[in-house]
Amino acid sequence: MGICEIKGLTRDYGSGRGVFDLSFSIERGEVFGFLGPNGAGKTTTIRHLMGFLKPEKGYCAIGGKDCWKERAEIQKTLGYIPGEMVFFDDMTGTEFLSFLAKYRKMKSNARVKELLDRFELNPGSKLKKMSKGMKQKVGIVAAFMHDPEILILDEPTSGLDPLMQNRFIELVLEEKGRGKTVLMSSHIFEEVERTCDRVAIIKSGKLAALDAVEALKSAQAKKYVVTLENGGAAAAFAKEGLRVMDVSNNQVTVVVQNNLKEFISIMNRYPVINIVTPNQSLEEIFMQYYGCDNA
Amino acid sequence: MINWTLYKRGILGSWKLLIVFAAVITMYFTIIISMFDPSLGSALDEFAKAMPELMAIVGMNPASAELISFLEAYLYGFIMLVFPMLFCIISAHRLIARHVDRGSMTYLLSAPVKRETVAFTQMNVMVTGLILLMLYAALLGIVNCEISFPGELDIGKFILLNVGALCLQLFIGGICFLCSCVFNDSRYAVGAGAGIPALGFLIQMISNAGEKTENAKYATFFTLFDSDGIIAGEPGAFWGMAVLFAGAILLYLSAVVVFSKKDLHI
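Residue numbers (the numbering used here), protein chains in the order written: chain A, 491 to 785; chain B, 678 to 943.
Accuracy of the hints is not assured; some may be wrong.
Stated by the list, open to error - Beta-carbon label-pair distances, calculated as ranges: (1) B:ILE926 to A:ARG507: 36 to 42 Å; (2) B:LEU876 to A:ASP556: 40 to 46 Å; (3) B:HIS942 to A:SER755: 33 to 39 Å; (4) B:GLY872 to A:TYR549: 23 to 29 Å; (5) B:ILE832 to A:LYS592: 40 to 46 Å; (6) A:GLU546 to B:ALA923: 46 to 52 Å; (7) A:GLY669 to B:LEU812: 50 to 56 Å; (8) A:SER515 to B:GLY872: 46 to 52 Å.
Unchecked claim - Result set (BS3-like, lysine-lysine): computed pairs, CA atoms no more than 30 Å apart in a straight line: (9) A:LYS592 to A:LYS603; (10) A:LYS566 to A:LYS555; (11) B:LYS939 to A:LYS696; (12) A:LYS544 to A:LYS595; (13) A:LYS547 to B:LYS791; (14) B:LYS939 to A:LYS618; (15) B:LYS726 to A:LYS616; (16) A:LYS696 to A:LYS497; (17) B:LYS685 to A:LYS625; (18) A:LYS625 to A:LYS603.
Hints in this document: simulated from the structure, not taken from any laboratory. Virtual Cβ for every residue (Gly too), placed ideally from N, Cα, C.
If we strip away everything but chain B, and leave its shape as in the complex, we get:
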């Protein structure tokens, strides 16, 4: 089902993008973790007190003074949502829609390789990149915390938090990849692939803004990633993760099927 030549080529082509995203994440992790102060509350907490609404909108309102809550609020409410999402949008487009739009898909399909195999391989390239990025972030968080605040981080919960974030990103990646397979035109592929997750994120920001708009959370899949719940060990949060994961698989399967059945004007 996988063409390893194409897979290798895809991974080689993703390196630069991965390094850029890893660098951005490294920067944020290092800066934000250094702002944690277990005794006094961090500078960021001061912000949260001064501008509670604004910080809440971007998910930055920690539930407790523990390091894990700090990371959850300041990194997994915005940075670790937006940057991997951008990676998915760019990757998904590069791997399918761009080749179709430009015409270079011709060469992948004028060979004895099934369309299913091409789509499935490209999907694996994207998912591999995404997993590498999330894995790197998790390791970076653990190493950073152990160096600056040895023993403070609940590593088990932090890993769970990362698994949750990965499920969410796989789901987002599924949306992007499906859009990349559905649309023949780059503009629409990127428009829908970026637009749908961005809209979901926007609705989440609105629902975070206050009690009046809280119900908006039912209109976005971002709610299924309940980072507070994961840390608190609530069963609902794990169900959310499972739903995201199952949804992701469904999205990838649909993408492969759509790509195999559609007309290609290449």
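Only chain A is shown next, with the shape it has when bound in the complex:
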């Protein structure tokens, strides 16, 4: 049995929103990626794990304890980064962290200093005057400072610059090395690729896929938009046997996966004037891989 179990979790908000019969399990010491487009039900699932919502059907448990009934007990060894950082706005960061430490009845503050240094955060200013990135750092410190066994991180690096994102990834890896269990929702490919062991994708409240992250790496099917000299060439190019997603005028959108050489050699024979790789979200890459683009 995993340290975090979700079984048949259902909450119907109507008009297809909510989560439906969701089940998965996270093993101790695992970093588990939790992905899905906006509104897919990630936050709803996390709210159930945190004991904020009572499941309509099914149940979730952390460390063998029911997330709704024993929520306060579970929180002793849990760290949480909420998707949205809202603090008590009249406090400074320092006041907030020391309030939380006392509120949690924490015995040691040693971790706080270390985390502040790691994220180069000076929490002396008022929380409401802090930038999004600074608030995020305060939230990270608040989630890790009591050295929890399990971490639930809802888009933990939103608002952080790349340097700090990298520090965060290092922190998660260290925690993983110390045997901690992490559930992390994220939109950032690198973050998931570098930290997660397994990934679950949720779409419209249902589990769309669950696989090892290695599968994700090989799944890096990339989209290319090839612009040719004229519409005729584009039409012919589209018939070359590549995975074509779209043809419009003189532009062809193809998906390339493990066949880059073939793609290049075909392009050599055509009057190509431009190639662009449009930005793809992590979810898009995944959805493509699992063939659930239109699901």
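Put chain B on the given structure of chain A with help from the hints.
Here is chain B on its own, set in the frame of chain A:
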């Protein structure tokens, strides 16, 4: 059951509000007590004679010429009902519903502290503030009267009057706090938390307006605070106080239970 860190933080956060309300009450007490004139009847009594209906609506029709009746009529019929009520409305909203609506409740609940403890602690913050405010008003009344009219005030009865007013305010606070716990949305929490007591007060004003509308008093809990009766020593008035107090406890308990069982979209 109480998280003292949260309690301390709540009290610190209530100071400014308490000082504002204390200042307003100080102003009214000082002005109105100075208008009392034991020999001639006060300027306010002249108003009461000139516009009996209007003054009656806001409870300002003293039963006798004694100082205690004067205070009861001019301070405990309107000022000491409305201002502590406002304090309850603001406090109750700030302590629960606002945190839920904004999302800052997340931090109070992502810690090994039971929801019951969070709600009970916040309730105690509000009740502490309310008691401090009422205590301050009672002391202010006594000190003010002893300075201006030494020996005139029946202090025992005045304290009873304040205890009665406190029971009423605890009950009002209970309504506000319950609303703050029931509704996830600030608008509804404030709407109901302010609306219900305000409606009760409005009905009392209507029932004060004259004999035709007197029966309206049975439709509002404000009637349970019978200030004339408390001063006259009527048993019914003390039963009213007891009912308000018991009702208050019931309201606070329900609030804690509701908050512990409800879904929070934070």
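Results for each hint:
Range check, ILE926 of chain B to ARG507 of chain A: Cβ separation about 40 Å, and the 36 to 42 Å hint holds. The supplied range of 40 to 46 Å is met by LEU876 of chain B and ASP556 of chain A, whose beta-carbon atoms lie about 41 Å from each other. The hint said 33 to 39 Å for the Cβ distance between HIS942 of chain B and SER755 of chain A, and at roughly 54 Å that hint is violated. Here the CB-CB span from GLY872 of chain B to TYR549 of chain A is close to 38 Å, at odds with the stated 23 to 29 Å.
Against the hinted window of 40 to 46 Å, the Cβ-Cβ separation of ILE832 of chain B and LYS592 of chain A comes to about 42 Å, which satisfies the hint. Against the hinted window of 46 to 52 Å, the Cβ-Cβ separation of GLU546 of chain A and ALA923 of chain B comes to about 36 Å, which falls outside the hint. GLY669 of chain A and LEU812 of chain B have their C-beta atoms about 54 Å apart, which keeps the hinted 50 to 56 Å range intact. The given range of 46 to 52 Å is respected by SER515 of chain A and GLY872 of chain B, whose C-beta atoms sit roughly 48 Å from each other.
For the hint linking LYS592 of chain A to LYS603 of chain A, the alpha-carbon distance of about 15 Å falls within 30 Å, and the restraint holds. Between the alpha carbons of LYS566 of chain A and LYS555 of chain A the distance comes to roughly 12 Å, so the proposed pair stays at or under 30 Å and holds. Only pairs whose Cα atoms come within 30 Å are accepted, and LYS939 of chain B paired with LYS696 of chain A is accepted, the gap being roughly 25 Å. For a cut-off of 30 Å, the pair hint linking LYS544 of chain A to LYS595 of chain A stands: about 26 Å separates their Cα positions.
A C-alpha spacing of about 23 Å is found between LYS547 of chain A and LYS791 of chain B, which places the hinted pair at or below 30 Å, so the restraint holds. Taken as a hint, the LYS939 of chain B and LYS618 of chain A pair is honoured in the structure, with Cα atoms around 29 Å apart against an allowance of 30 Å. For the given pair, LYS726 of chain B sits about 56 Å from LYS616 of chain A by alpha-carbon distance, which is inconsistent with the 30 Å threshold. Between the alpha carbons of LYS696 of chain A and LYS497 of chain A the distance comes to roughly 12 Å, so the proposed pair stays at or under 30 Å and holds.
The straight-line distance between the Cα atoms of LYS685 of chain B and LYS625 of chain A is roughly 24 Å, inside the 30 Å bound, and the hint therefore holds. A C-alpha spacing of about 16 Å is found between LYS625 of chain A and LYS603 of chain A, which places the hinted pair at or below 30 Å, so the restraint holds.
The structure shown violates the earlier hints numbered 3, 4, 6, 15.
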